[in-house]
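Okay, here's what each chain looks like letter by letter:
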Amino acid sequence: MADIEVKDIKYTSKDFTSSQDVRWCPGCGDYSILAQMQRTAPDLGIKKENFVWVSGIGCASRFPYYMETYGFHGIHGRAVAIATGVKVNRPDLSVWVATGDGDLLSIGGNHFIHVCRRNVDLKIILFNNRIYGLTKGQYSPTSEKGKKTKSSPFGSIDFPFNPLSLAVGAGATFIARSLDRDPKHLQEMMKRAAAHKGTAFIEVFQNCNIFNDGAFEILTEKETKADNVLVLQQGKPMIFGKNNDKGIRLNGLTPEIVDFAQGSFSINDLWIHDEFDPDSTRAHIISRFAEKPGFPTPIGVLKQEFKSTYDADFHEQINNIRRTKGEGDLRKLLFSGNMWQVNESNKINNN
Amino acid sequence: MEKDSLELHDVTVRFAGDSGDGMQLTGTQFTNTTALVGNDVSTLPDYPAEIRAPVGTTYGVSGFQLHFSNIDIQTPGDSPDVLVAMNPAALKVNLRDLKAGATIIINVNSFETKNLRLAGYDVNPLDDGSLDGYNVVQVPLSSLTSKALDGSGLSAKDISRSKNFFALGMMYWLYSRPVEPTIDWIDSKFKSVPLIAEANKKVLMAGYYYGENTELFTTRYFVEPAKLPQGMYRSISGNEATALGFITASVKSGLPLFLGSYPITPASDILHELSKYKNFGVRTFQAEDEIAGITAAIGAAFSGALGITTTSGPGLALKTEALGLAVMTEVPIVVIDVQRGGPSTGLPTKTEQSDLLQAVHGRNGECPVVVIAASTPSDCFYMAIEAARIAFKYMVPVILLTDGYIANGAEPWKIPEPDTIPEIKVKIRTEKEGFFPYLRDENLARPWALPGTPGLEHRIGGLEKANITGNVSYDPENHEFMVRLRARKVKNIENDIPDLVVAGDLDAELLVVGWGGTYGAINEAVNRIRENDKKVAHAHFKYISPFPKNTRSVLKKYKKILCPELNLGQLSQLLKAEFMADVETFNKIQGLPFKSYEIENKIETMLGEL
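Line by line, the protein sequences give chains A and B.
Here the first sequence is numbered in the numbering used here, starting from 1 and rising by one per residue.
Here the second sequence is numbered in the numbering used here, starting from 1 and rising by one per residue.
Hints are computed from structural coordinates only; laboratory data are not their basis.
Using 25 angstroms as the maximum straight-line C-alpha spacing, the simulated DSS-like pairs for lysine-lysine come out as follows:
1. Lys332(A) - Lys414(B)
2. Lys559(B) - Lys576(B)
3. Lys432(B) - Lys10(A)
4. Lys278(B) - Lys332(A)
5. Lys332(A) - Lys189(B)
6. Lys191(B) - Lys332(A)
7. Lys325(A) - Lys278(B)
8. Lys332(A) - Lys276(B)
9. Lys14(A) - Lys191(A)
10. Lys47(A) - Lys427(B)
11. Lys14(A) - Lys432(B)
12. Lys278(B) - Lys307(A)
13. Lys425(B) - Lys332(A)
14. Lys325(A) - Lys276(B)
15. Lys325(A) - Lys191(B)
16. Lys559(B) - Lys549(B)
17. Lys332(A) - Lys252(B)
18. Lys425(B) - Lys549(B)
19. Lys432(B) - Lys47(A)
20. Lys48(A) - Lys432(B)
21. Lys189(B) - Lys325(A)
22. Lys556(B) - Lys535(B)
23. Lys557(B) - Lys535(B)
24. Lys325(A) - Lys252(B)
25. Lys48(A) - Lys427(B)
Sequences and hints are given; from them, build the entire structure.
Structure follows, in structure tokens:
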């Protein structure tokens, strides 16, 4: 298998910028995600020609047109399935998927859970703006219950998906979340995903300033961010708050907010985050923090697990069979089974 | 006991029993042995969609018909000469198909109250004279099997399960077939369970000797080998041939074969077959659904594989949108549709030709693909290679239509020497200079530039593209230009495929046209008409989109055109639309292939009207 990494070529973000005009709405969060990717790509140690970006349909799915790499803009919901075909056929390529909450979790939900289950070595970036943008503003599978949109003028009655919980449940081996308005953090997550072998999933909260403006404001604005966002760090206690005065402890399987000022618990009682915890129960608990009143929204790496990838196993099996059975011989294959010879005198010789 | 020996030219046998009685296995064994002794043979497996329908019921009856002969034959036979009925339900379901005076070999042990009631018989048909016109041979198959295995230590259930080998052994004796091929097969199949292997062999031989010793059979039959062209032969089904064809295309093109597939009857056997041949580098991906099957194949083709996906009607419907994507991105993939009875779930295990219009037209937008069809089990091999050749040369998706009948049916195949099969030329673009993703070559194909190639980074997708540059374009004139270009590209393939061949009497007034799996029945009907000194011609379409270049001139020559199809007239409709041909359609939509006499009678009627 060819090595996808390279050390001696120095790229800049310009090398990854295609000649196409970017056609997202001015102010869209997608610009930041694109910029962070173009800034990160040169440092990933991957040859430009070995990148493939695959997408489905939606605003996010225009992404491949703007990356100066190989790209395939697919059909709605199928990005992950197309990307699986690329990666399984060519494990030497670094295959990335740009997708939205409708594309990945509604029409493409089936492919998403199955790619996680198989652990295909794909990097999936979910642009989650909790709205259908390209179709001009209907509620999405991540929209909050009660949301008023064009297709739910009296409020949506759908319960939303929690994409991180779904990824944990489906067995993704790298699960992270970031924010379009936190470039450094987003870049870091992209680098971590790129380095991971297996299905890497990053949910990026992304603002749609046309149809769902301010959906994540509380998480991205200076005044409110610290009190509402928990930055997960490996081996570090879960601390948040403007003055780093709050934390989370795990009581049995129940997470609890700890306020240091109240004095009953100190920093020593806090939950120490372990990305590599082999039991995904705790990753699942973290994924649901934000659904609890008073809890912060976690960003960072929830979970990383090391196990064999589908594409590697796929080719290992082929190679093993080639070794044990020997390289396929077409003549032997055709001339097999129940054969008999018909010769000139029309006599039959059985083989 | 000395018995008479009688030579026959051709025989049609049907084995029928419960779906758990092993009739498919029995039929397959008889077929393989029959092929080995050099007869020409054609088969028709017919089984219910339920894996194990309630025992003894008519809807649980599984059948396997085969036709063998000392001459070249094309069909599994219109009406059986012999029926082996393992229970009353099998008799009830199959009786109406038999030839007048046919032999019925009956497992008399199963004709008891419960089974008769399950089959809907008020009176035992063995007693009421309803079988008087037939040669009924009553064999206590179950009890003879039990006796043969007395003291074997096997359970009553295992003993009962081997009674099909008794029937097989008996039929081997009756038609002078050797038992050795089946003995060898049993030895290898049941290697790990020697007790079962021994029991099955014992029962097979018990059946054979029973035939020899019983007074129920006074005559033994033999059928001389058929006079086939010399060479090495094997028995092959359409699904096997399809799998071998794509492996051959992979070897001949030097590209890896990637199959994305979701299991579906009656196409799954292609997935099973290809999964065995990983030492050819075959990449089989069992996808989570039909759509993932084709989209993964598209992804694989984009990155340089021979990307294929196998399916049947409902699956083709699900792949529709992705086929459009392959048309738009001009990625070479092959979709194999093993047609079955529709609409919806329809008749999953029965044959039909009703996906033709879906294949040709069933997509949004102006969305031309190449549609070709295999006409016999072994033809699937050559059409698979042809599908790959066209896909690569023109960067276009190709649909290969087969059907349940030729997919599961088997025939002897003269194995070709691989060296005689031409290489498939594939152009992979590596030249950086002047590259654009939608450049055009002399065939209007765009360049195939694979990820991993430095300097050829490009983006393709389902949005309309500007010619040459491949940039997204909403320009009105460009869209019309591209729609016309894609249509012209497919139409031009008519210059690269064989002319429509007319067989039979070129100067006849009546032309019979067909496509796909009806080839054998039409051909046999036409031959019989001609043997009676009447004139008729036959042209069989293997290429439907585009049609062969000479189609119009062929159709014009004949006063009348008859088109038998296992649908409501889909090819007829295409011929009428494209050539204004006055085609008389002749239809059968029963989930079963044509019997050649049905077509023969229709031809007779039309000749009478001339």
